[in-house]
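Trainee: Chain by chain, the residues run as shown.
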Amino acid sequence: MNRKIFVLLSVLLAATFMLTACGTAAATEAAAEEPAMDDTAMEEAPAEAAAEPVTITWWHISTKDPALSDWQKMADDYMADHPNVNIEITVLENESFKTKLTTVMQSGEVPDIFQSWGGGTLKEQIDAGLLKDITADLDADGGAWRDTFAPGALAVFSSDGENYGVPWDMGMVGWWYNKDLFTQAGITDTPKTWAEFLTDVQLLKDAGITPIALGEGDSWTGMHIWSYLATRIGGEAAFTAAADRSGAFTDPAFVQAGVELQNLIDMEPFQDGYLGATHDEMQATFGNGKAAMELSGQWAPSVEAANSADGVGVANLGMFNFPTVEGGAGAITDVIGGGNGFAIGKDAEPEAIDFVKYLTNVQNQTIIGASGTGIPVVKGAEVGLTDPNLLLVQQSFAAAKYFQLYYDQVLPSAMGGIINDAVQKLYAGTATADDVAAEIEAGAQEQIK
Amino acid sequence: MQFLPVAKQKLNLAKNTMNGRRTQDRIVIALFLLPALILFLLFVIYPIFRSVYFSTFDWKGFGPAVDYIGLDNYKKILTDEVFLKAIKNVLIIITLSLGLQLPLALILAVLVGRDLPGRSLFRTIFFLPYVLSEVNTGIMWMLLYNADPTRGFINSIMVQLGFEPIAWLADMNVVIFAIFITLTWKYFGFHMLLYLTGLQNIPKEIEEAARIDGANSIQNFFYITLPLLGSTIKTSVYMSVLGSIQQFVLVWVMTRGGPVNASETMATYMYRFGFVRYQLGYGSAVAIIMFILCMIFSLLYQALTRKPDYITGL
Chain E
21 MNRKIFVLLS VLLAATFMLT ACGTAAATEA AAEEPAMDDT AMEEAPAEAA
71 AEPVTITWWH ISTKDPALSD WQKMADDYMA DHPNVNIEIT VLENESFKTK
121 LTTVMQSGEV PDIFQSWGGG TLKEQIDAGL LKDITADLDA DGGAWRDTFA
171 PGALAVFSSD GENYGVPWDM GMVGWWYNKD LFTQAGITDT PKTWAEFLTD
221 VQLLKDAGIT PIALGEGDSW TGMHIWSYLA TRIGGEAAFT AAADRSGAFT
271 DPAFVQAGVE LQNLIDMEPF QDGYLGATHD EMQATFGNGK AAMELSGQWA
321 PSVEAANSAD GVGVANLGMF NFPTVEGGAG AITDVIGGGN GFAIGKDAEP
371 EAIDFVKYLT NVQNQTIIGA SGTGIPVVKG AEVGLTDPNL LLVQQSFAAA
421 KYFQLYYDQV LPSAMGGIIN DAVQKLYAGT ATADDVAAEI EAGAQEQIK
Chain U
4 MQFLPVAKQK LNLAKNTMNG RRTQDRIVIA LFLLPALILF LLFVIYPIFR
54 SVYFSTFDWK GFGPAVDYIG LDNYKKILTD EVFLKAIKNV LIIITLSLGL
104 QLPLALILAV LVGRDLPGRS LFRTIFFLPY VLSEVNTGIM WMLLYNADPT
154 RGFINSIMVQ LGFEPIAWLA DMNVVIFAIF ITLTWKYFGF HMLLYLTGLQ
204 NIPKEIEEAA RIDGANSIQN FFYITLPLLG STIKTSVYMS VLGSIQQFVL
254 VWVMTRGGPV NASETMATYM YRFGFVRYQL GYGSAVAIIM FILCMIFSLL
304 YQALTRKPDY ITGL
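Read top to bottom, the protein sequences are chains E and U.
Heads up: the first sequence begins at 21 in the working numbering, then just goes up one per residue.
Heads up: the second sequence begins at 4 in the working numbering, then just goes up one per residue.
Check each hint, because a few of them may be wrong.
Claimed, not checked - Straight line, CA to CA, 25 Å or less: simulated DSS-like cross-link-like pairs of lysine-lysine:
{"#": "1", "chain 1": "E", "residue 1": "K366", "chain 2": "E", "residue 2": "K377"}
{"#": "2", "chain 1": "E", "residue 1": "K445", "chain 2": "U", "residue 2": "K207"}
{"#": "3", "chain 1": "E", "residue 1": "K93", "chain 2": "E", "residue 2": "K445"}
{"#": "4", "chain 1": "E", "residue 1": "K225", "chain 2": "E", "residue 2": "K118"}
{"#": "5", "chain 1": "E", "residue 1": "K212", "chain 2": "E", "residue 2": "K310"}
{"#": "6", "chain 1": "E", "residue 1": "K445", "chain 2": "U", "residue 2": "K237"}
{"#": "7", "chain 1": "E", "residue 1": "K469", "chain 2": "E", "residue 2": "K118"}
{"#": "8", "chain 1": "U", "residue 1": "K79", "chain 2": "E", "residue 2": "K469"}
{"#": "9", "chain 1": "U", "residue 1": "K79", "chain 2": "E", "residue 2": "K445"}
{"#": "10", "chain 1": "U", "residue 1": "K88", "chain 2": "E", "residue 2": "K469"}
Since the hints were derived computationally from the structure, they do not count as laboratory data.
Source: prediction; values computed, not measured.
Chain U on its own, in the form it takes in the complex (with noise of 0.2 Å):
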């Protein structure tokens, strides 16, 4: 009985000592912190109210903004045909990635991860159009999508192989996938070097034990890589839907959102009203949509995927 209060006492004097540090520790923390506050604050937070501000004006960038009109460009958006097929096609190249472009990336690494001849040599290349600048990458598409086939490299195979030429980015029905094929060419490297990392931190020996107790190559992939690959496919699959939420340069350079808004996406929209039609208080508003959009998925995403990786699997 004697003995607790003593103990207590003691704790608690240990607690205060702790927490005395613990707090110098965190001005100190706060101090290192502050450099890269400031600038976060300057250019990101700063910007967006600056963003949300103008968004509330019919406002031309021509001098100060003036036109004071409430929500009424967030109505227009919301309500317009162009800004709803824009967020169609987002979501069909978001299904697309996930259900094709990040599996050939993981299978692709899984093979090149192996221990086969020439690999690293496939690495290079599998990784190479990354590298690449994207302004090039759609000026080079829009070459080999060329709808004469006298000209266009792949209607000049389709031809040769007896099919009908299509005019891949003219087309209405076909252009948004004919822009998927180049996207995942631009980006299945990215995807794939991210798995491969991922592969390297397996230990070898949870895979030789479970061969051991007999397990083949296939029941090895989904019940040993695949689960304890759950952390880089999450980070994998976050980075692909922001990445094609954002989808802007492509698309531009090698449709401009055309022919008649059939590849728009939510980043071209902005930049049309932006910077073509110089409406930039409409600009503003699509810009914040899509940041919100960012935002509800980015939470949604670290609150449904919390769980531990060994729970999941992914």
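Here chain E stands alone, though its shape is the one from the complex (with noise of 0.2 Å):
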């Protein structure tokens, strides 16, 4: 008895500790504050005249150079112009952005500037009321600031055409090809439609050449063969109705992309360990020339280079567009891609899209495309780009009438994972094109709503 006595009297005295703790520390807390919340309002007035100090906080994801230091350089500029303004710049890796960003949404804590890849990601962002409308800004001066961009970017980081945020740079995915191979395997000219394509597989398999590096084990790398396929034999009115909901993902386009994707599975054209492999490895495989394609973005001649045993990679490089599909209803033109563009946050001072303004003015375009890290979006900047392989891409994108936003960022966030799992089970054998849109269908009436 004495011992639960004991025991109820120490909780009590916990809690009730923690309890004034807790009282005293926010009083103090609030007592402190206050003071300084009548500063701010009494500066207000005199400080708007004399340019009131303004801070801009920046996320970004380029870890490494030229991006990390032009960009840098670009804040630093800006600042030297502008004594009021002051940038935090906050750099993280790929995925721990994504944590931190989700971590700070959740409490309503957003970035004046970060990192964006648009699409559906980029809605749910807008529809839980964290970003900042800037379609004025776009208008300003009869549409000034929207006029240098490329529309189809622009287009990326917009919902029910208002805009909330910009594009940075753009890209595709396309084949990339090793034209000494191909050379070897006796092809002399690169497939233009699958038909074509599965015949220079068998000819490369016949050479004793393995025809596609892939990295499955980082299943986005073939989810790419998959929805290309899809969107060469739906096009873009297939995709539409299935993302609107108007359709499914289990209508004959889907379905066929993955029977046609099961026959070039069949052939058995990857290297050895595919399924394990990651997205490094599979550059790595091509760069060391031990596979004669892959299908892979406007990175690829930077990253299968690095990748490469002698940090070369491959010396007679190609890219050539995703074949058409017999009968289907997309082109070969329609291209796949996706790019780099920063959301504005729903807090951010008129200062912080001045900021962003500069940042895609054509001198700092023509700077990216000049180091050879993406294709610029603003109109006159691509006279920056030098590098062979860019321009490759550049003149694939420039063609395109059809851009179409990678799946799983024009897809609610969810639906990236679930159409990749979903397709890595084609690769793996373990169900048919008929499970795979059934799956993803699934996800699809859960997620999109």
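Take the two lone chains and join them into the complex the hints point to.
Mentor: Below, the structure written as structure tokens:
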């Protein structure tokens, strides 16, 4: 008995202690805050004229040069011109950026400017009221700022015609191939149709060359082949219908994409152990000349070189657009891609928007073209592009009549993982094309509202 | 007869003063415990209840959770094939850990615990993997396991010996065992160290006495060393099981739970839904299920092993 009473007592004691502790702390905090708030309120009126100090928070994920120092320099230059503005840059690695952003967003504290890929995740952030509508800024002075952008790229950062961010660069996925290995297999021209593609795969196999490098351990690498097939077969209409729920991911286009992919997988065109290989290992296989092709983005030339044994990579590199599928609605010029941009947080000051305007001017955009980190999105900045591989991407990109944003970015955030995991089962041989379509559709019914 | 009440009175008196002093002591103890208690409540108890709350929502982590769905998340998890696969994988890892990893650690501990030449060197070598960070270990083993015999060390040796190379991390039937090998490599040193400490606490005299009575070293091990190591083994098994249930880093780095969930553990399943798909409500529900499983195991284990060491032997 005694013991119970004692336990009760100590808990009570602890509780009262905690309550008092919290109480006093909160009280002092409030007391400390009050005069501070008065200060700013009082200063605000006269400071209006003499440029009030402003701090802009900017989160990005460019952990490597040249983008890292380019952006730092742009911020420094801007601060030099605007002494009242202080730009606080937080550089985070991709995964930790996503995790940290999710955490701060739960508390409603959003950075003024942060890296974004537009699409479905951006829409979720807009719906949660975390972003600022900057359409008026784009349209100011007769749309002066808006007109500088390539419209397709700008649309990636909008929802219902309202922009909550702006693009920085764009890229796309295509087949990168090793010209020497193609010659060795007796292939004279790049394939234009899926049937030609499969023939070439067989030719490469006959010549003892692994046709395709794949890193299906990072499931998104293989998902791109499926999504491209779906785009070639169903065209813009099939995807739009599935995404706005007037259609479904079990529609014939998506099932047929699975069937065609199955045909490719059945030829065993990938390197050994591709199911467990990472994206880096896929780039290494391709970069070391151990496979003739890989479906990869504009980053492929630099990443395959970095992962290759000699650090140089494929000597004779080329790129061709994903071939058309016979009878499909999609054109060979349609591309799947996406790019980086900046989303504007809900509490951003006008200075933050002005800074983004500065960031995306032609001069700064020319720098990314010149440094080879991406394809600029502002008209006139492509003159900076000198890298022949990036020029290939830029030409494909410019010729595209339909630009399909990556599936995992245009759809709600959870869909990316659902599609990747479902398509991976095709590669592992644990599901049929119908199963995969059904699994994606089940996820879509839950996630797309 | 006269004597009894007096004694009783005295006894009571003593009891009362003792009670008073005890209460005082306990208040002092409670006060000293208070800061830790507050931290514990704030950083352990509060987040648990917060997760329970979130687990009843369909919530993506943006803004407040509003879409209340009751126990639907739990229903879905417990009927999801992938989650059941993850539980099966965890059971495989636990079984192999208890059946292979801990005995190996024990044997090595007995070996390096003896007066053999170079034992301190071996002790250090065996403990070294545990010092390495888990991410480093994962990346290192990914390189070793590489399916290409010209790049993966293990496969290159196998080819030299005339075997077919194995795609360790890409074969859905092999991957969980490949991960177990890495886990063993990483953690046996820790358990060995535990056993070594336990061995040092066994008085030499007992073994000597047994030897004088004619016990050979195998008898010595099974009848003296093993029973006296009981409490250490208990701790080691406990940590091994809990560690297996929560295993995340090595699996995530090496395979991301793949290919096609073949190496999924409960923790990677939780991360997949919480931080890859951003279904934080669902992820919270997985976390709560893991918490309950760990809790059940802890309580059961404690109840089952409550008997004193010298009776059960284990």
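Trainee: Would you mind marking each hint as holding or not holding in the structure?
Mentor: Checked hints:
Restraint check: the Cα-Cα separation between K366/E and K377/E comes to about 17 Å, which is no more than 25 Å; the hinted pair holds. Between K445/E and K207/U the alpha-carbon distance is near 59 Å, which puts this suggested pair outside the 25 Å criterion. Restraint check for K93/E and K445/E: the C-alpha separation of about 46 Å exceeds 25 Å, so the hint is violated. Of the supplied pair hints, the one linking K225/E and K118/E is violated, its CA atoms being roughly 41 Å apart against a limit of 25 Å.
Taken as a hint, the K212/E and K310/E pair is honoured in the structure, with Cα atoms around 23 Å apart against an allowance of 25 Å. Proximity of K445/E to K237/U is assessed by CA-CA distance (about 41 Å); at most 25 Å being required, the pair is judged violated. Taken as a hint, the K469/E and K118/E pair is honoured in the structure, with Cα atoms around 23 Å apart against an allowance of 25 Å. A C-alpha spacing of about 19 Å is found between K79/U and K469/E, which places the hinted pair at or below 25 Å, so the restraint holds.
Restraint check for K79/U and K445/E: the C-alpha separation of about 20 Å stays at or below 25 Å, so the hint holds. For the suggested pair K88/U and K469/E, the alpha carbons sit about 30 Å apart, so the restraint of at most 25 Å is broken.
Taken one by one, the earlier hints fail for this structure at numbers 2, 3, 4, 6 and 10, listed in ascending order.
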